[in-house]
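*Asks:* Each chain, letter by letter, is given below.
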Amino acid sequence: MDYRIGIDVGSTTVKVVVLSPTNELLFRSYERHMSQVREKTCQLLQQAAPYVQGRSVRAAITGSAGLGMAKSAGIPFVQEVYATAEAVEAFLPGTDAVVELGGEDAKIIFFGGALEERMNGSCAGGTGAFIDQMATLMNVTVQELDELSAHYQKIYPIASRCGVFAKSDIQPILNQGGRKEDVAVSIFQAVVDQTVSGLSQGRELKGQVAFLGGPLHFLKGLRARFQETLHLDDDHALFPENGDCFAAIGAALCAKAYDCTTADDLLTKLASSVDDRGLTETMPPLFCDQSEYDAFLARHNAASPQILSLADYTGTAYLGIDAGSTTTKLALINDHGDLLYTYYASSQGDPVAVILQELKKIYAITGGRVTIGGAAATGYGEELVRAAFNLDSGLVETVAHYTAAAHFDPAVDFIIDIGGQDMKCFKIRGGAVDSILLNEACSSGCGSFIETFAKALGYQIADFAQMGLFAKHPVSLGSRCTVFMNSSVKQAQKDGATVEDISAGLSISIVKNAVYKVIRAASADDLGQHIVVQGGTFLNNAVLRSFELEMGRDVIRPTIAGIMGAYGAALHAKSLRLDRSAILDADALTRFTHSAKPATCNLCTNHCALTVNTFDGNRRYLSGNRCERPLGRAANSLPNLSRWKYETLRAYKGVPGPRGRIGLPFGLNLYETIPFWYTFFTKLGFEVVFSEESSRRLYAKGQQTIPSDTVCYPAKLMHGHMMSLLEQKVDAIFYPCNSYNVDEGISDNNYNCPVVAYYPELIAANMPQLKKTRYLDPYFGTHRPKDFEKRAAVYFEKEFSIPKAETVAAARAAYDAYSAYENAVRAKGQEIIDYARANGHKILVMAGRPYHIDPEINHGIDALATTFGFCLITEDAVAWRMDKAPRKVLNQWSFQARMYNAARYVCTQPDMHLVQLVSFGCGTDAITTDEMRSILESGGKLYTQLKIDEITNLGAVRIRLRSLMAAIDAHEISEKEDV
Amino acid sequence: MAKLEYDENGRLLFTKEMKQEYTILMPQMLPIHFGMFRQMLQLEGYQVEQLNNCGRNVVDEGLKYVHNDTCYPALLVIGQFMDAIRNGGYDPHKVALFITQTGGGCRASNYIHLLRKALEKAGMGYIPVISISFGLEKNPGFTLTLPLIRKLIYAMMYGDLIMNVANQVRPYEETVGDADRLAAQWQSRLVATFQTGKGMSRGQMRTIFPQICSEFAAIPVSGAEKVRVGVVGEIYIKFSALGNNALEQFLLSEGAEPVVPGLTDFIIFKIYNRVVDVDIYGGSAVKRAVCRLFMRYVQACQHDMIAALRASGRFRAPGDFADLHRLIQGYLGDGCKMGEGWLLTAEMLELIHSGTGNIVCAQPFGCLPNHIVGKGMIRKLKDDYPTSNIVSVDYDPSATKINQENRIKLMLANATRIREQEAAATE
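Protein sequences appear in the order of chains A and B. Using my numbering, the first residue of the first sequence is number 1, and each one after it goes up by one. Using my numbering, the first residue of the second sequence is number 1, and each one after it goes up by one.
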């Protein structure tokens with residue numbers, strides 16, 4: 001046998017190994033390539049060359065970024081999972097399964113029986129790059145993150161599907177004072193959960209399991225999480241010495257099939273392919289020359305507030321603090337709005353410490369000459385910061401930004417703010433915020449994304465941005481979320497794009513994301529005439545330029561774009577007209593202490609993960625709660641139809657009967673038809689058994705059997721419901737397929753969505769556990785009662801030998817029970833409306849699917865809304881009041897049709913407002929959301945969409961609801977003024 | 001200049017005048033089938049042009065005008081139209097658009113509405129959109145006359161056969177392009193034959209089918225048998241090169257032979273659903289009988305096609321609709337009909353049974369029916385057929401080719417190994 005070289009070019013690293021003829025590992029190297037893929041590979045290969053000097057070698061390339069390089073250099077390519085399997089078979093015989101995490105890929109290989117290999121799909125980024133991003137977010141190195149995780153006390157539930165989701169879970173925990181140690185371990189647990197649930201898909205990870213790839217090689221905390229989650233002792237969890245280079249070793253093994261060459265020849269081939277440009281699509285440069293850039297700068301620097309020296313100032317000042325998700329901003333202004341002091345920097349995971357330091361600095365500079373006349377906070381950490389420093393007021397960030405923008409251009413009619421984590425856009429009409437668009441949790445690849453990327457490539461953000469300005473061929477990277485952009489960048493790297501081109505491409509893609517994904521604009525006219533852009537991300541000139549080019553219009557970017565939220569808060573503090581702020585004074589700050597402790601609230605089934613913040617040893621602030629009960633206050637008593645429906649449906653209890661126990665899963669299509677099927681089976685003499693209440697724990701029970709990681713959360717929960725029914729040892733489980741839904745005469749057709757309709761089929765094919773019981777998933781249509789009677793009679797005679805007449809009678813009772821429930825919902829809805837009107841409360845219609853009333857699915861949004869002073873009803877309470885009307889889209893789903901009608905009804909009621917709940921991944925809502933918006937906006941109402949997933953954090957929902965309330969108030973004030 | 005006329009719901013109609021003055025743009029999905037459709041429509045007096053524009057511009061236009069979470073095919077088809085109207089040198093006031101409308105619980109039924117919304121948003125609400133469907137929307141200037149429907153159906157069946165044999169020749173042809181040239185020839189020949197009223201009966205099909213087979217069989221080929229890879233999926237992504245990043249081309253370049261089940265089964269499936277609906281939920285027995293009859297006829301034609309393939313002695317023949325329906329038992333119920341429904345899984349089963357266990361299941365990212373019938377069934381297929389080797393690939397505006405190709409390459413590497421193992425086992 002010959003000497004063999006294996007080269008593994010991953011998304012972030014290059015690995016090169018040399019194997020001797022006896023499979024001895026002569027050389028190995030593992031290094032980050034910082035996007036300089038070809039150069040780095042050549043460099044490593046040069047280091048390896050002495051080991052094979054003068055010998056003939058065989059070589060192969062593997063790895064996701066190696067494909068293009070192999071092609072253009074004419075070197076054989078081996079798929080990396082295949083290569084890894086080869087290496088494991090050769091070096092770790094007897095292994096049952098392999099878990100390999102790479103920079104952006106996660107893979108599982110099962111040996112024994114049929115070899116099975118899986119890679120993560122395109123929407124699953126929780127891997128090495130994800131850990132890098134999280135470390136950046138926490139301002140620690142990956143090694144430090146690993147060390148932190150060793151000292152954890154508790155694990156927070158963090159969405160494990162995709163990096164961006166997890167990020168929006170982690171950020172608030174940090175902002176609200178969660179311990180870094182606990183967050184660190186939670187990040188690793190999220191990676192484990194995602195790998196196990198996303199890739200094992202029903203096949204158990206057991207026996208000898210080998211863990212490979214960089215992250216698993218270097219991170220002890222991550223290894224520990226895997227071992228604990230999979231219940232593997234040290235004998236069964238294998239961490240081989242060269243686990244980070246296994247794919248490269250595998251490539252070397254596979255190279256035996258290819259022709260001989262020499263190290264020099266390989267180097268020549270690689271080096272000569274360096275300048276080979278691929279086919280990545282490119283765009284025109286941002287600036288053609290320096291003069292164009294200079295003119296651009298001059299134009300934007302004109303929008304600037306006056307800046308005074310705080311050291312020379314005496315008098316009253318107003319403080320605004322914007323505790324954003326990744327950065328903390330401060331602005332101190334005088335009575336004219338002139339700036340006395342500003343601060344903009346990373347929160348470093350501890351905004352309180354950052355602000356403490358800044359306040360001390362301000363007090364030191366002013367030396368008692370300045371009186372703080374008011375202080376207000378805004379942003380994610382608003383409540384924490386308010387509590388910590390005893391500020392006078394807080395305001396939702398959308399309003400803070402509008403206040404600031406209006407100061408620069410009173411005629412402003414469109415504001416777009418791109419911050420670290422979120423993107424906010426709103427239109428201004430008649431001096432009030434008219435419609436608010438926030439980015440969905442899935443596309444929050446905003447400022448912090450580009451920063452993380454810069455760091456990953458080894459640059460400071462400012463330098464990185466600057467590099468993009470004069471890039472010759474900015475690469476086209478698409479406009480979706482972070483994970484997608486990562487792989488687009490990978491493709492560009494493969495094709496030999498320069499760092500400059502990637503930098504410019506990232507800026508452009510952030511803008512495209514904002515314009516097409518969030519704003520959904522087709523042209524500049526969709527936005528407005530007076531556009532103000534702000535947020536730290538717009539300080540990046542490449543982003544600003546991209547925005548102007550994309551819109552084909554000049555916009556205003558104030559020089560203080562990064563601190564507009566703080567500036568707005570300061571203006572708000574000024575408007576409070578206090579004599580003196582209650583903010584902690586210099587003296588109090590010397591005694592200031594802050595500690596944070598995790599806790600779990602056990603007052604209800606939500607089991608919120610709380611953080612108890614203690615200031616100065618005695619003042620406490622609690623975060624993470626969804627209601628006011630842990631604060632010691634009585635639970636909110638405003639009526640809530642969602643809660644009422646849920647309690648009514650859960651109150652159905654089975655009665656022991658002669659025909660045995662039949663299980664019904666409490667989810668999807670069965671949710672609303674519980675009264676129907678409960679009555680039907682009870683009448684037939686079955687004891688109806690329901691699955692337990694949905695919860696994260698229930699979800700985890702069935703998680704391993706979910707085949708499609710992009711399906712909606714309500715569907716994924718069904719796997720847990722099945723497990724719950726199995727645990728209750730029912731005689732049979734009934735979960736019918738329903739292509740058709742009830743026909744309420746308000747739509748063109750009465751379908752269910754494909755997922756709701758056929759999920760029983762998927763359950764049957766993916767849950768072998770069901771073989772323990774009798775699983776019945778017949779096709780039924782309840783929309784034709786007479787036909788249903790007939791067909792059900794035949795079916796139940798066949799399955800249970802039930803006389804036909806009995807089934808027919810049960811069916812009739814079932815229809816009666818269903819319409820009784822329907823009427824009860826309507827009556828209760830009316831009662832709530834009456835109550836609200838009698839007591840002067842606003843009414844909020846929560847529009848969604850019947851299963852959106854499940855507290856685990858809506859995460860308590862209904863309860864949250866009532867704490868904001870709304871009386872809450874659901875779409876079915878008002879939809880029936882409208883008849884059918886033509887729609888701009890095909891109105892063919894029953895549940896969705898109700899939402900259209902509810903929206904139309906809300907337009908006729910001045911005191912009603914609507915929010916639409918949308919499950920992430922819901923395909924039909926891609927159609928309904930635009931239609932709902934257009935119905936509501938043409939009726940003079942605000943459209944608010946709340947996207948929900950397995951994430952339990954309600955930070956974004958809070959902002960939306962509070963913005964909605966602020967907008968409603970502004971509307972009411974302006975209407976009064978008009979009168 | 002044709003006047004704009006609307007129906008009682010405010011839908012812009014395609015008038016008789018427009019038929020004279022307007023150019024109708026139609027999207028591309030299956031080059032052979034759609035090529036014949038286009039020629040037939042032209043012979044009916046319509047000015048039709050088939051869109052072949054592609055590239056980033058198409059996607060960008062789609063992103064502008066279609067909700068980003070809507071399925072990728074809608075985004076592509078609409079993006080292709082918008083790009084063509086804006087950059088294709090047409091007078092926007094003189095074009096109309098063709099789009100198929102299937103109906104059914106999948107959101108694909110909404111394409112036509114999304115297209116109209118997009119036109120509205122772009123300020124081009126004056127462009128009429130013509131629905132190609134069975135009776136969903138009517139237009140005075142365009143009618144699917146019975147003779148035309150008949151031609152379309154026959155064209156579909158000939159298209160399937162040509163696609164099938166061309167796929168079996170292309171990987172091995174000695175002169176690159178032979179199969180495609182012959183396919184193009186046959187398209188024109190068939191359309192000309194239809195025009196004389198011929199070729200459209202079972203009897204005549206039974207003469208023409210063998211001719212097609214023997215002419216393709218005569219193309220000089222060489223080389224060892226390649227690894228066969230089945231392609232199934234959401235109908236547009238499965239067939240359209242624009243949608244699947246030229247998947248067939250990629251498979252060919254990797255030294256594989258693509259096996260793409262045709263359109264006929266899908267059409268029979270859609271008719272059969274109407275029969276099943278009556279069985280499961282009740283409804284008109286007459287409607288059921290008519291559908292049954294129509295279905296039987298198409299099935300009979302399918303049998304002729306399979307018979308011709310078998311008789312050729314050169315080509316593999318696919319299973320018929322009844323085979324697919326038999327194979328799906330124990331997997332999915334007849335009622336599973338939205339999108340590609342149970343047919344998609346059945347096609348995978350048929351491929352496995354006919355020795356093509358390597359399969360790419362292609363779908364738009366987040367495709368609703370495919371959660372169930374694609375990704376949702378792969379586990380069970382793997383359990384039942386351990387050597388089946390299925391890779392599920394998502395397509396969307398930002399999914400990168402490299403990720404898709406890398407996953408397909410893994411499937412191909414496994415395919416080669418499975419083949420070697422099987423060869424070793426038989427020795």
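Simulated from the structure, these hints should not be mistaken for lab results. This one's a predicted model, so the numbers in the text were calculated from it and none came from an experiment. Hints are not guaranteed to be accurate.
Restraint-style ranges between C-beta atoms, simulated for each label pair [unchecked claim]:
no.	chain 1	residue 1	chain 2	residue 2	range
1	A	822	B	316	39 to 47 Å
2	B	316	A	265	41 to 49 Å
3	A	236	B	226	39 to 47 Å
4	B	421	A	74	26 to 34 Å
Note that the Cβ used here is the ideal one computed from N, Cα and C, for glycine as well.
*Asks:* Hint by hint, say whether it matches the structure.
*Replies:* The hints, checked one at a time:
Distance hint for residue 822 of chain A and residue 316 of chain B: a CB-CB separation of about 56 Å, inconsistent with the stated range 39 to 47 Å. Range check, residue 316 of chain B to residue 265 of chain A: Cβ separation about 43 Å, and the 41 to 49 Å hint holds. Checked against the hint of 39 to 47 Å, the C-beta distance between residue 236 of chain A and residue 226 of chain B comes to roughly 41 Å, which is consistent with it. About 29 Å separates the C-beta atoms of residue 421 of chain B and residue 74 of chain A, a value consistent with the hinted range of 26 to 34 Å.
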